[in-house]
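Asker: Protein chains in written order, with numbering that gives the first Met the number 0: chain A, 0 to 258; chain B, 0 to 300.
Since the hints were derived computationally from the structure, they do not count as laboratory data. We put the CB at the ideal spot given by N, CA and C, even for glycine. Please note that a few of the clues may not be correct.
[Claimed, not checked] To give a feel for the contact side, a few chain A residues facing chain B, derived at Cβ under 10 Å:
no. : residue
1   : A78
2   : Y79
3   : Y94
[What the hints assert, rightly or not] Non-contacting residues of chain B with respect to chain A, defined by C-beta distances greater than 10 Å in every case (computed):
no. : residue
4   : V145
5   : S157
6   : D188
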Amino acid sequence: MLKLQEVSKVFRVGAFGGKTMTAVDEVSFEVARGEVVSLIGESGSGKSTIGKMVLRLMSAQAGTITFDGDDITKLDKRAYYRKVQGVFQDPFSSYNPIFKADRVFSMIKEVYFPKEDDRVWRDKVASALNDVRLDAGAVTNKFPHQLSGGQLQRLLIARALLLDIDFLVADEITSMLDASTRIDVLNLLADLKLRGLGVLFITHDLALGNYISERTVVLHQGRIVEYGPTEKVFETPEHAYTRKLLASVPQLHRKWEGV
Amino acid sequence: MTTTDPITAITAPDPGTAPISVRREALYFAVRNGKLLVGVTIVTIFLLIGIIGPFLVDRPPMEYVGLPMLPPSTEYWLGTTTFGQDVLAQFVYGVRSTFEVGLLAGGLSALIGMVIGFVAGYRGGLVDEVLNMITNVVLVIPTLAVLLIINAYLGIRSVGMQALFIGLTSWPWVARAIRAQTFSLRSRDFVDLARLSGVGTSRIILREIAPNMSSYLFMTFILLFGSSILIASSLDFIGLGPTDGVSLGLMLNHSNQWSALHLGLWWWFIPPGAAITAIVGALYVANVGLDEVFNPKLREL
Ligand SMILES: Nc1ncnc2c1ncn2[C@@H]1O[C@H](COP(=O)(O)OP(=O)(O)OP(=O)(O)O)[C@@H](O)[C@H]1O
Ligand SMILES: [Mg+2]
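All chains, please: the whole structure from these sequences, using the hints.
Answerer: Right, here's the structure in full:
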């Protein structure tokens, strides 16, 4: 469904844009319908940049991204966003601080469902909130700073669910959630996956990636170092970086022993 | 979900939410800010003089209405000029046109500066470079020289034309400041989220970015208003003012031309000079007060 072919992104850095920095380097992978692909890598490896290119918030310098066979840059934006949505990494910066948080829902209504009856819409919002285990009364009519990071994050997931999406870019969507809500959200994704949703699951938590994804892409300094079925990547990692990554996961049954 | 009906839960308003209280807080500090109160009071007094004055003074400002060079009296409150014109009449019409020029020129330059600043800051890239170049060109244009040329060929006839000229030349610093702020706001995730919601560029600028700097935009307008008045008065004084009409600057220009100072006609030049100083000064003081209201760090404890 979503296919990246040798996609690269180069940022200009330095005072006069004289230097360049390759954040994403010839990345190719594919996400099929009803599949979760996790994108794993350390901080700064280019994960969010890939997500933003898929969401057309940034353009790629080279390579093509196709959705159902069409080059995404050629598609109408509104139609594209109806099918492809994203949840960003930083929930606090995802809300305009001077407006109420549930404005993210009314924006969707204004653009995509201007004619829909208010009551019907409210039902829809309430059921989306229910899906992400949020109590409508606790989160509506509040300003972003009055809500917790986890609540904000789940509001963003609910927002994406309001559109009948086929694909979700989930950029560390569970980073602010406690263990039990995290499982709820992951199970929600698993549910949606069964209904045919494709997910690009960006994370640096290997356990989460392992839990939810069919296939795994390991990114290191903008390059793919490992790409394959999740079990294979986790059991027989080919690249030294992946092995290092796996070795550095704290184990539940082992305690830290000071050096 | 508990027993609460989700629909009523959503519609139930929640009192005491933040920006309302933020706004209330701003108002609270606004009515207690001495600088702001003094500034606003002075400006309002002059504004009223400009609006109501011309209706109360029934003498035409530019005509011979009495003996020349009369000092202030109960008949002529501010005396008369060398030509027997009523200084009070000139003064109230002058205050009115001063506000007109400030509003028109300040509004125009705020508008141009905002449009260019927002577009350049939001779009970035080539658009930004082109707009930045235009801004820099206008910034380095020797305004006075251009005005002399325009005046020589066309003549500045009306207050409107003068305002147009001031408006067209004083926007660059506004554009620059707004561009910088827009640039930092546009990289915030909520702008991306609005784009993901299918919201168009102009709406994002107007409804996501601009509201985040509304206090700044308001203060910018106040400053432009004040500086336009000052520029207009200076132009009038050096003889580049509108050829027909009356303004505080023109009063100064005429009194200077006809040696009011040497003849001791203080009532001819002190009122307009004091009014310009008071209006512009009050605007700046109000602006400092506004800054304190909007910026909690500057509030005196
Ligand atoms: N707009 C930008 N301009 C310049 N450089 C950028 C920009 N956005 C990202 N970068 C750089 O690109 C690299 C990749 O950033 P990215 O946000 O994709 O990392 P990430 O893998 O998501 O990291 P994290 O796990 O911390 O979220 C970083 O080195 C970052 O500094
Ligand atoms: Mg990231």
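Asker: None of the hints should be skipped; say for each whether it holds.
Answerer: Results of checking the hints against the structure:
no. : hint : verdict
1   : A78  : holds, 9 Å
2   : Y79  : holds, 9 Å
3   : Y94  : holds, 6 Å
4   : V145 : holds, 31 Å
5   : S157 : holds, 41 Å
6   : D188 : violated, 4 Å
The structure is inconsistent with hint 6 alone, although it conforms to all the rest.
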